[in-house]
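Student: Chains as they are written, first to last, in our numbering: chain P, 1 to 360; chain B, 361 to 720; chain W, 721 to 1080; chain Y, 1081 to 1440.
The set of hints was computed from the structure by calculation and includes no laboratory data. None of these values were measured; they are calculated from a predicted model. Think of the CB as a built atom: it goes at the ideal place given N, C-alpha and C, for glycine as much as any other residue. Be careful, since some hints might not be right.
What the hints assert, rightly or not - With a Cα cut of at most 25 Å, we get these calculated SDA-like pairs of lysine to any residue:
(1) Y/Lys-1361 / Y/Val-1250
(2) P/Lys-96 / P/Asp-208
(3) P/Lys-96 / Y/Lys-1154
(4) W/Lys-816 / Y/Arg-1359
(5) P/Lys-74 / P/Gly-39
(6) Y/Lys-1361 / W/Asn-1041
Claimed, not checked - Over the 12 Å line for every Cβ pair with chain W, so calculated as not near, a few chain Y residues:
(7) Pro-1110
(8) Ser-1165
(9) Ala-1226
(10) Asn-1274
(11) Gly-1300
(12) Lys-1328
(13) Glu-1331
To be verified - Over 12 Å on every C-beta distance to chain B, these chain W residues come out as not near it, computed from the model:
(14) Ser-722
(15) Asn-758
(16) Gly-759
(17) Ser-768
(18) Arg-841
(19) Ile-908
(20) Thr-922
(21) Gly-927
(22) Val-989
(23) Arg-999
(24) Lys-1032
(25) Ala-1033
(26) Gly-1042
(27) Ser-1046
4 protein chains.
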Amino acid sequence: MSFSVGEHLKLTLFGQSHAPAVGGIIDGLPAGELIDLNGAQSFLDRRSPGKSPLSTARKEFDISQILSGLTDGKTCGAPLAFVISNGDTRPGDYDKFRVQPRPSHADFPALLKYGDAHDMRGGGFFSARLTAPLCFAGAVAMQILARRGVTVGAHIAAIAGVDDDHFDLVNLTKEQAETPSQHDFPVINPTQGNAMKSAILTAKTDGDSVGGVIECAVLGLPTGIGSPIFDGLESAIAKLVLSIPAVKGIEFGAGFTIAGMRGSEANDVYSAPKGNKLRSKSNHNGGILGGLSTGMPIIFRAAFKPTPSIAKAQETWNITNGQIESLVVSGRHDPCVVPRAVPCVEAAAAIAVLDAMLCA
Amino acid sequence: MSFSVGEHLKLTLFGQSHAPAVGGIIDGLPAGELIDLNGAQSFLDRRSPGKSPLSTARKEFDISQILSGLTDGKTCGAPLAFVISNGDTRPGDYDKFRVQPRPSHADFPALLKYGDAHDMRGGGFFSARLTAPLCFAGAVAMQILARRGVTVGAHIAAIAGVDDDHFDLVNLTKEQAETPSQHDFPVINPTQGNAMKSAILTAKTDGDSVGGVIECAVLGLPTGIGSPIFDGLESAIAKLVLSIPAVKGIEFGAGFTIAGMRGSEANDVYSAPKGNKLRSKSNHNGGILGGLSTGMPIIFRAAFKPTPSIAKAQETWNITNGQIESLVVSGRHDPCVVPRAVPCVEAAAAIAVLDAMLCA
Amino acid sequence: MSFSVGEHLKLTLFGQSHAPAVGGIIDGLPAGELIDLNGAQSFLDRRSPGKSPLSTARKEFDISQILSGLTDGKTCGAPLAFVISNGDTRPGDYDKFRVQPRPSHADFPALLKYGDAHDMRGGGFFSARLTAPLCFAGAVAMQILARRGVTVGAHIAAIAGVDDDHFDLVNLTKEQAETPSQHDFPVINPTQGNAMKSAILTAKTDGDSVGGVIECAVLGLPTGIGSPIFDGLESAIAKLVLSIPAVKGIEFGAGFTIAGMRGSEANDVYSAPKGNKLRSKSNHNGGILGGLSTGMPIIFRAAFKPTPSIAKAQETWNITNGQIESLVVSGRHDPCVVPRAVPCVEAAAAIAVLDAMLCA
Amino acid sequence: MSFSVGEHLKLTLFGQSHAPAVGGIIDGLPAGELIDLNGAQSFLDRRSPGKSPLSTARKEFDISQILSGLTDGKTCGAPLAFVISNGDTRPGDYDKFRVQPRPSHADFPALLKYGDAHDMRGGGFFSARLTAPLCFAGAVAMQILARRGVTVGAHIAAIAGVDDDHFDLVNLTKEQAETPSQHDFPVINPTQGNAMKSAILTAKTDGDSVGGVIECAVLGLPTGIGSPIFDGLESAIAKLVLSIPAVKGIEFGAGFTIAGMRGSEANDVYSAPKGNKLRSKSNHNGGILGGLSTGMPIIFRAAFKPTPSIAKAQETWNITNGQIESLVVSGRHDPCVVPRAVPCVEAAAAIAVLDAMLCA
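Isolated chain P (complex conformation):
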């Protein structure tokens, strides 16, 4: 079931970097929901490469085709099947990675698992290209969530050690959550954003790459959504976010910082309700207690490693002759995947949260 996720809302992905297409099937969508495909395309555009010198030159044709699931533009109970063609694939010399596995890529473990049959071209199904259908599904989920008063928004929290401002754990507004993603480079603080861009370009010039952190918020979720234990909101969101290539960690609310606090400091003491919703004075738990939504903003951060494909020569081990050799990974690669990954994180969160709402 490795390409399927979800309990009530079931998403199944398919694709390889150099196959004809990537795409997926979304089963369990409520019937009668209007889906704005232009809006979904705009969302997909946010993860598209080729828009600036900051990202890879590969041009994707992220035009999605709907094969079933929509009737007169609305969900009809049928699984929503969608296809995103893989344009502009270049054969390249990927076969050499069967002998010289790329450092910090899935090449070597994949060869052990799948044998010679593994598709090495562009990383096969380990390619970040698979996040395109994830984003499409996320765009669909976000449209349905919006109609239920739920907002999902993310921003770049850090790149190359340069930090953006943080979302306010307690008072984050819908507008604040949505604003960063309206910019090409989704940050809260444009000055910090410019410093990040400089760091990316410097790394690129050096034939190197940089990593970063994305912070994401879910606002407007009613209290009590989610499940205890294994299907808690943290588990559900983490499962999806950690399936995005390059993510190596996730933390909710105060995250790792909470480990150094005392209980009297960390506890989110309740304050008077605002409207009908209970409020707490702090939100170190990131809007989740016991796996359930508290009604406060859900806020989490995901750590992205620097792109493993770099222009610099690296050592690797030649499987066939047992020698340590120099490897140069040519091709088009992002010096930093973080800006393009922002909609991916939003999509992962939206899918997990909508599934939890539909299970309730």
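Since the structure of chain P is already known, use the hints to place chains B, W and Y on it.
Tutor: Below, chains B, W and Y alone, put in the same frame as chain P:
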């Protein structure tokens, strides 16, 4: 499916803090595996309370009863059903939390989700008591893993801001991984351990609590175990670890630190194989690439918040009269759950890893 | 996942004939449902042996213990874990079946699948004893269904070629559906019931056994419950019913008879609604179209083979010496499992239908 | 999860009769399997309409496109995503069925479940068109099974009360199982086949339809494949077969006939092994005991109702005005779906059996 987890190895838990018992069913265990119940009990003892002034005075009777699944001490293909009686439950005045929900507990969202039917006694099924059956299942998994050459070991990486030494990401040995858990207070560096204990006792004296970090390693896993995308090892481990109460974050390998590295620094360049196993010079990816095991040590860290139940008076909101009131949470509570949570983290990792091995 | 079933309502069973207990966990029950344990015990009593010369002399102690899931007699959101002790087990000489597998038992394929570790005592987990927890779960489901206006009732449709009257596919009333199960020998027509009893006793005297058919009805289900394709009501019910030992076939509505009809005869033409519910003049489809409930009675029949354990000597193949040998299966065996299987079929139907209602 | 099925081999379908396409995703296929797409197309052709006056005149373009999952013609570990375009759709006047639901179609319950959003065109996703992707998946499964020595073959056992010869439960050969499907009209006995064809044509002339029975065999499956209880082979096969539109019953081995036998007659007594495989003298259990394969032929029969869409005028209930009205269902409809359904039944069996083998 919130109380079930796993694909091939399916664990289903049950229980509430003040119900007659907690326990579970493990389906999908290979037949013919000898299970050492005394060993499993010893493992459970590591999470038992009441052993020292550092933890709650509640005495549990963690004696597990096997209802089915073992024939002549060996797994026989039947689901392994086990029961751990809830000894020493004290009724207490939990009903007041229906009106005055405890800060940073699941009380309030659970009341919204389950209504009056929610069992408030001892936190109901949100109680950390549910980690007892998780540990039993983990002990079973670890015995089977050991026979396949796989070791799981964890230690306290930090409490109250006091750091233990770290596991060596590259050269960690089986002995190093297993040694901490043989101590009552599982750390690598006993001096740091003493400082942690002092911090716990000070917090207790203050009527307060502290949090911490647990670091866990899985050694000996063959290369290529796991699945891509949604069932990647990181997703599978995170789902289980984040289901442990109080965990607010997880990171693999260099974790959040990798976000600040450059690719040329972060990349785990291959070195010559050691025996039959490929090695890398560094292991910032924590032994996982593309969701698959690389053959290097799998190492991750989980952040635990301080125990929310503290002796100090706290503000809360009275649901019925709408007033902000003072709440004192009496009862027996750990000033720090981290020492007892070490076997829980090992168990979560072992269950995820054995499931992945059996799916292969 | 072989011991788990269900989407929203998840039932996981455990047990072996000669293990300490059988039982299960029901996850996903709505919170706040009053469960009448005496009523559940009465339901279990219907499948209990030892009540008459018609069934095996083995005495079971079908007293169920609830380990979690009920608070003040009501479901509370926690998984409902229940245990039924295995009383009166007799060790017996089951080991000989490792060498001389019993005809029409699971002995031989189980030995191939599980090897020496297979528990041969009383059939291990292939024992019909596992239907005791199925019945308990069914009793719980039926109580919840009853509160939603849904009735499940079954009767013996045939034993040893003697037919009972049939349920009226169109006009079956709640009372008619429930009446047979109030008798020790659940038939509609007591004269036919007596003929069945005679046939059973004659077979018993001959050291032989007989089979039969059970017909089951579900009344009061709203229109549109169920799912298309793989989780259609027919698939869901069949999966559960065919998991009852000895069942070799299932048919819905007119069943195999419909294969010989013409469309103009088979089609269930709509008539005027009765109250708010649409009616059809016939119900050859057994209340299910496209996997969804139509609002008409759901009626199906399940075929049970004669008990394979008979007192007569039979030939079998000795695995170790390769000879055809005579085998006598001693022990306590029902000459006919059908009367005791009636509540099992009701339970299977109730679990499938409640799951479908909760998914809606 | 209604459009997904399987444990290790996960099939997810999509499509509607009048959407751009039908298709699916097969996840969990072993890597390195050569897939003969021409062979799969030939298999699909067997269910294609428009080949003879016996079936609907609608022309389908069953040319499948592979979007991912094959590299150099072999499975590579990626999900196999395939698309079958919906050619020759005719808009038609399906909207009238919202007011006048067709008897024995899913129209009415689907309107209750999905509301106005339900796609009524051609039956939406309740259309038998969804069996095209089922057949493609089955063709893939059968190619992989064949390489493991497993054969799946079916034939028309009866149409309109005319019976074909039966498969020999004990001695069925691979050739006998495969031969019927090589004919346009897949029967064992061509004389009976001609009588069936006459019955179909007569029904067509009368503006009516007929039903029938399909018998299917699985040969060569090793002993011990399958799982106990809920994932037994009977449950797994029945779940898939009953998801084929128009199927109202399934029976294994002697099926409903076994209910009238005595144990001494029904029991499948072991005879001497043939080669390495244990044999039984009879096979009333249809090759399955305790949910596991015995090594004898797996044989089952499925009952198909007559096509509900007939040219004759029928009564129905007008939802809006509450009147009983006359309904004429125009359009292209098979007078008998059974001949085209033979590969669908083979596909369902093959998918269930391959999943069970991969789980072992």
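Student: Hints first: check each against the structure and report whether it holds.
Tutor: We went through each hint and held it up to the structure:
At roughly 7 Å between alpha-carbon atoms, Y/Lys-1361 and Y/Val-1250 fall within 25 Å of each other, so this suggested pair holds. Between the alpha carbons of P/Lys-96 and P/Asp-208 the distance comes to roughly 21 Å, so the proposed pair stays at or under 25 Å and holds. As the CA atoms of P/Lys-96 and Y/Lys-1154 are separated by approximately 20 Å, the hinted pair is consistent with the 25 Å bound. Between W/Lys-816 and Y/Arg-1359, the direct Cα distance comes to roughly 19 Å. Compliance with the 25 Å bound is thereby established for this hinted pair.
With a C-alpha separation of about 14 Å, the suggested pair P/Lys-74 and P/Gly-39 falls inside the 25 Å cut-off, and the hint holds. About 19 Å separates the Cα atoms of Y/Lys-1361 and W/Asn-1041, which keeps this hinted pair within 25 Å; it holds. The claim that Y/Pro-1110 is not at the interface with chain W holds, since no C-beta of that chain comes within 12 Å of its own (minimum 20 Å). With a minimum CB-CB distance of about 20 Å to chain W, Y/Ser-1165 clears the 12 Å threshold, and the non-interface call stands.
With a least CB separation of 22 Å from chain W, Y/Ala-1226 remains clear of the 12 Å interface cut-off, as annotated. Listed as outside the interface, Y/Asn-1274 is consistent with that label: its C-beta sits roughly 18 Å from the nearest C-beta of chain W, beyond the 12 Å cut-off. For Y/Gly-1300, the condition that its CB be more than 12 Å from all CB atoms of chain W holds, with the nearest at approximately 15 Å. The beta carbon of Y/Lys-1328 sits about 5 Å from the closest Cβ of chain W, which is not more than 12 Å, so the claim that it is off the interface is violated.
With a least beta-carbon separation of about 3 Å from chain W, Y/Glu-1331 fails to lie farther than 12 Å from that chain, contradicting its non-interface assignment. Residue-level check failed: W/Ser-722 sits 7 Å from the nearest beta carbon of chain B, not beyond 12 Å. Every CB of chain B lies more than 12 Å from the CB of W/Asn-758, the least distance being 18 Å, so the non-interface label holds. With a minimum CB-CB distance of about 19 Å to chain B, W/Gly-759 clears the 12 Å threshold, and the non-interface call stands.
Under the 12 Å C-beta cut-off, the non-interface status given to W/Ser-768 relative to chain B holds; the minimum distance is some 20 Å. With a minimum CB-CB distance of about 8 Å to chain B, W/Arg-841 fails to clear the 12 Å threshold, and the non-interface call is violated. Annotated as non-interface, W/Ile-908 keeps its C-beta farther than 12 Å from every C-beta of chain B; the closest such distance is 38 Å. Annotated as non-interface, W/Thr-922 keeps its C-beta farther than 12 Å from every C-beta of chain B; the closest such distance is 36 Å.
Listed as a non-interface residue, W/Gly-927 keeps its Cβ farther than 12 Å from every Cβ of chain B; the least gap is roughly 30 Å. Every CB of chain B is more than 12 Å from the CB of W/Val-989 (nearest about 41 Å), matching its label as outside the interface. No beta-carbon of chain B comes within 12 Å of the beta-carbon of W/Arg-999; the shortest separation is about 37 Å. At roughly 29 Å from the closest C-beta of chain B, the C-beta of W/Lys-1032 stays outside 12 Å, upholding its exclusion from the interface.
With a least CB separation of 28 Å from chain B, W/Ala-1033 remains clear of the 12 Å interface cut-off, as annotated. Interface exclusion of W/Gly-1042 from chain B stands, the closest Cβ pair being 25 Å apart, more than 12 Å. Interface exclusion of W/Ser-1046 from chain B stands, the closest Cβ pair being 28 Å apart, more than 12 Å.
Of the numbered hints given earlier, the model fails hints 12, 13, 14 and 18; all others are met.
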